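2 protein chains.
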Amino acid sequence: MTAEAAPANAGFASLDALVRPRSVAIIGASDEPARIGGRPIAYMKERGFQGELWPVNPKRATVQGLPAFASVEALPSAPDVAIIAVPADNAIATLDSLGQKGCRAVIVFSAGFAEMDEAGAEAQERLTAVARRHGIRMLGPNCLGVFNDAIRFYGTFTASFEKGFPIPGRIGIASQSGAYGTHVFAAALDRGLGAPVVITTGNEAEVALGDVIGWMAQAPEVDVICAYAEGIRESRQFIAALDLARRNRKPIVMMKVGRSQLGGAAAKSHTASIAGDDTVTQAVLDEFGVVRARTTEEMLDIAYAATKKIYPARNTLGVLTVSGGAGVLISDAAEQAGVEMPPMPEAAQERLRQLVPFCAPRNPVDCTAQVTNNLPLIGEFAESVARDGGYTSILSFWTQTAASRSVGPSLKEQMRKVRAAYPDRLWVMSMLAPDKVREYEADGWICFEDPSRAVTAIEAMGRFGAAFARAEQPAPEVPLPQVTLPEATPSEAVAKALLAEAGVPAVPEHACSDSEAAVMAAEKIGYPVVLKILSPDILHKSEIGGVLLDITDADAVKHGFATLLERAKHHAPSARIEGVLVAKQIPTRGEGGAVEMALGVFRDPVFGPVAMVGLGGIFIEVLKDVSFRRCPFDAAEAERMIRSLKGAPLLDGARGRPKADVAALAKALSALSAFAAAAGPRLTSIDVNPMLVLPEGQGCYAADAVIELEGGSH
Amino acid sequence: MTAEAAPANAGFASLDALVRPRSVAIIGASDEPARIGGRPIAYMKERGFQGELWPVNPKRATVQGLPAFASVEALPSAPDVAIIAVPADNAIATLDSLGQKGCRAVIVFSAGFAEMDEAGAEAQERLTAVARRHGIRMLGPNCLGVFNDAIRFYGTFTASFEKGFPIPGRIGIASQSGAYGTHVFAAALDRGLGAPVVITTGNEAEVALGDVIGWMAQAPEVDVICAYAEGIRESRQFIAALDLARRNRKPIVMMKVGRSQLGGAAAKSHTASIAGDDTVTQAVLDEFGVVRARTTEEMLDIAYAATKKIYPARNTLGVLTVSGGAGVLISDAAEQAGVEMPPMPEAAQERLRQLVPFCAPRNPVDCTAQVTNNLPLIGEFAESVARDGGYTSILSFWTQTAASRSVGPSLKEQMRKVRAAYPDRLWVMSMLAPDKVREYEADGWICFEDPSRAVTAIEAMGRFGAAFARAEQPAPEVPLPQVTLPEATPSEAVAKALLAEAGVPAVPEHACSDSEAAVMAAEKIGYPVVLKILSPDILHKSEIGGVLLDITDADAVKHGFATLLERAKHHAPSARIEGVLVAKQIPTRGEGGAVEMALGVFRDPVFGPVAMVGLGGIFIEVLKDVSFRRCPFDAAEAERMIRSLKGAPLLDGARGRPKADVAALAKALSALSAFAAAAGPRLTSIDVNPMLVLPEGQGCYAADAVIELEGGSH
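Residue numbers (our numbering), protein chains in the order written: chain A, 695 to 1408; chain B, 695 to 1408.
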């Protein structure tokens, strides 16, 4: 689906003028280098911007030594990009002048719009309307701007350059928050990581985070994208951007805040974000292999490792260590992170044991401190881990050895040689040698002091690799059914029929108006059956004894039919009785009993229809053990969702049960997603709960279903 | 219980000679400073050890310039401590000589003992026997030794001092692994953290990790203990040590590896650890407020923060930030870590809003970048957070502002003043200003670049504080019952009766040999009842229809009694029939139904009887949602265990159920723990499953119970 929906790269290239301009006008240019309207000029002068720089200031002939223009109209031509650094009151008129001049890209520093109050929000709408009328790509308002050191363009008033301008590097930062975006930039700089392209989106009146990520996904300046989001405001460009980045093998590390209830509250007070539910965002990020960082440090750890551009599609980790304790610690971290550490081949283990009798050669491969007495062994062990183990990622733990005057140089040389012989591997060094890090990095190593942080980064590279590999497969076709929604919210029976037609089976049942029909229905469905009183006026059937279980023969059907009518007459004399519902009785307890699941769909305000699956009852309500996915998706994806549940072992025969028919459940879930995608925006939600899953080969049946439509009730 | 069981500080002071000796003999002393027998001498000469240094070497008159002794016998007197650096073959004889000389503390570097093979394990047993005969405290064998820079004592052959000797500090490191212990020492040194006391325990033939932690818990050299464990070998000293550290308000941060299955496998191949089950160890650590670090970096983060000795018993976090985004990120991290962030008082919020109109004063308090234009506001905001918010911990996020030439100095001065006015608070600074960290630390700040790491450290301080506060309460008395275990593993009925007597109620039931007795029993118990065939030869009653539910009157009892006997005769003609069991029927479904729980006890090889509670069925088997605790404990502790379960909301009326009788369940769990503690070592395990918990006020009943005894079966 997504492949078809994605626009060509050129769509995102419409931001080129914003990030890679050849001429820049600064409206509200200041002669003071420290003022908001002065900083871009000061930075570009200092760094040597490669294009034209046109300050606009009606009161001055020159600004910071450059000839100034009295107005937008006075500019020699339309600038590639204009920076609006005037008060909010003047911003709209200025934007209009720029549009008339032919300018098609604008960065609005001015604050006092939607982030402030209702009046500001209205002003922002007027501003945006002007931008759209002229076809202007507009960053902001209320944004810190953008910089691209590749061409020395500094369309920003950040104060972040006191400790230095960007160093060369391959990381791009896309951030909804100016303060946080430049914080990440500065934190990277402190670590020696180059992030020369930073784009902050502010109020996102026109250009949103998705546009910026999409631009980076196709821009040669950027290999790795660090993104910061408080809430995703639009989904089309955002999803197209994630898809493009994945197809172009550019990893995205995202800090999405507001995941906690607490954080969610703060996010809403901070911006007027239309924050989609965090769980849905997470599902979308998972879909495209975006790795969500838990901390800023983790974001930079992952970005740092990613700059090597080695993304194993099926990641395995080999660990070489001089400390058994560290080996165990790393094994713990790898299992926690879900990184596989297969053992070394037996023959290789045997050979290593002959080299160092008390080594532990399985994996982690502990060559023990013995090797420091016989240095060539280091290389032999490393070589064996790479060659015999065949691991895609190799983590080498050397604690202080790398800093040792006696052993360090030989260690470095031997490891360098082995690394160079296997350049396709992700080689990571964990060592306590701050002074040596730059030297090892020059040899191509990824260096972490803490081995646990190394494991986190290694896991992320594997996740990127798996996502990139998936992107190479043709997108699965999910045929959409023809769906005609009723005028009003349908009854349970109509809802089940609609879904059954779309491939979501319901418990077989028939409405019968007399006992002969009931017997025929029961014989057709097969015993045992359930009888339920059928009346639009009796909502809680069980309260009046209106449900009879374990009906096993024709006599019992007849007797039961009479009993139900009698009870209805007695307890609800004024109710309209339409007859009796005869339904297949699905056993839920005991040997061959069904597992109770719940399926659902709801319309996310940003991402549209989203399907959910969970184990019934307590699993959903108490443990929140559910999985989400954008609609539609195929049965294979549905099965991945089901398998990702913590309670999934229940479907695989836990507690002595037979295996449940997961294939049928996956098919039904996929069909539900296709139904939701085809139903259009009037569909508000669907609840299929319980969905009873019988043992393998016996299918699954919706025992209840509710479809809610916009504004509709019956 | 623990308070009584803990030995006086003096017990641990028996390690004084090992860590704080006035005279040191080195047996196997080498003239080569780089050899194992040479390093301790070289280090102590370089650092200026304050006591006597006696090299023992039969072949040399001097060793590294010091007069050497030909033998242990030739020493001028018994040394406070002797270092044995001779081959394993000679170690036992050397130890014996030292014992005869009157030496009572020995550090054994020699390897080739239990870590090697069976023969080594036997040699270690002989070595240990010699140590015990002489009353020698013995560290090792196969250990890297100990150092205590306070008196310049270096009883170690570590190669870790290439990058420097310890700097002053208050951290002690106790490690089962020499390589990892010195790795932590070196990692601390790289961060400017002083860890002048390091003790590594090697094979732990005599002195174990518990002794070392206990020594640090009473030693004035140490405020904060970093411990590394692969497996806990003995519990008495270990628990006494944790208890003493807690009572002396010394926090312990522990890295316990082998938590994963993978890691567990590696831990066993690395040492011959008798590793107690990780879950049990975790329960013991939780009991004493030991914080378990997930990574080495986290261990040092927590130790660093702990050196301030501010441990809030009820921790609340106030956050002051210049970035809204960072505020949300910190809120997310705090919620994740379980740190409370109560809002600022309304009046204070109003006042701050008047100072900076667009600030967000709730908590996180976002004073916005506006304050950098009006610097005195910084102090006013910080003061308000401390004074009005009253938070015990305050995290202040200033990103690069602290490094700014224009704003930085004023920021530092204002924050210094406020910090000094509230010295009892845990003040933490998150900033991107590596060059300024030492200056801020000199002002008393705890500094982290990453705010998420700051939150983790802050959470740990609160956990320490809560544990220290609990230690001030008198230990709850848990009266132990008189328990007389039967000769052999008892039947279900006997097991239930034994437990019921000890305060673990069982479902009321009576064995009845005729139908009159059955009717009397049913009337006494109250309807509905369950009837079960009673025969030692029929194990699976339900298979022959030997269980009847929903018996509601005397007639049904009589009829049921006859039915069961008939069925037994038919299906199991040779079975001995003892009659029928009449039991109270506890409803488990529907409105007033019971919640199914499971209680259990098992004997951990290290920590003795450990009790467990979990929600029945899938919760235990699929989700491993259980809580453990050493026996015995009181009902309040039992309730804390129950409340810690993920599924606990089920007991509190989730899904429309009535609240369950948690008080009765807690009482039963505590009674079970007392029973297990009183039963002695013959008790192997107890399973009470299901334990049916009725609505509040109606109690709980064991529906089944199994008690297993050592070697016993019936």
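Treat the hints with care, as some may be off.
Covered by chain B, per the in silico footprint, the following chain A stretches (three or more residues, Cβ under 8 Å) [unchecked claim]:
1) 878-884
2) 1018-1030
Result set (DSBU-like, lysine-lysine): computed pairs, CA atoms no more than 35 Å apart in a straight line [as the list claims (entries may be wrong)]:
3) K857/B to K1111/A
4) K1340/B to K1235/A
5) K1226/A to K857/B
6) K1235/B to K1252/B
7) K739/B to K1130/A
8) K1252/B to K1318/A
9) K1353/A to K1235/B
10) K1218/B to K1361/B
It is worth saying that the hints were derived from the structure and are not from the lab.
The structure presented is a predicted model; accordingly, all values stated were derived computationally and were not measured.
Note that the Cβ used here is the ideal one computed from N, Cα and C, for glycine as well.
Status of each hint after checking the structure:
1. Under the rule that three or more residues need a Cβ within less than 8 Å of chain B, the assignment of the segment 878-884 of chain A holds, with 3 such residues.
2. Residues of the segment 1018-1030 of chain A with a Cβ under 8 Å from some Cβ of chain B number 12, which satisfies the need for three, so the listed coverage holds.
3. Distance restraint check for K857/B and K1111/A: the Cα-Cα separation of roughly 26 Å lies within the 35 Å cut-off, and the hinted pair is therefore satisfied.
4. A threshold of 35 Å between alpha carbons decides the hint, and for K1340/B with K1235/A the separation of about 34 Å falls inside it, so the pair holds.
5. With a C-alpha separation of about 81 Å, the suggested pair K1226/A and K857/B falls outside the 35 Å cut-off, and the hint is violated.
6. Between the alpha carbons of K1235/B and K1252/B the distance comes to roughly 19 Å, so the proposed pair stays at or under 35 Å and holds.
7. Between K739/B and K1130/A, the direct Cα distance comes to roughly 29 Å. Compliance with the 35 Å bound is thereby established for this hinted pair.
8. For a cut-off of 35 Å, the pair hint linking K1252/B to K1318/A is broken: about 48 Å separates their Cα positions.
9. For the proposed pair K1353/A and K1235/B, the alpha carbon gap of about 26 Å is at most 35 Å, so the pair holds.
10. Of the pairs offered as hints, the one joining K1218/B and K1361/B holds, with about 25 Å between alpha carbons and a cut-off of 35 Å not exceeded.
In summary, the structure is inconsistent with hints 5 and 8 from the numbered list given earlier, while agreeing with the others.
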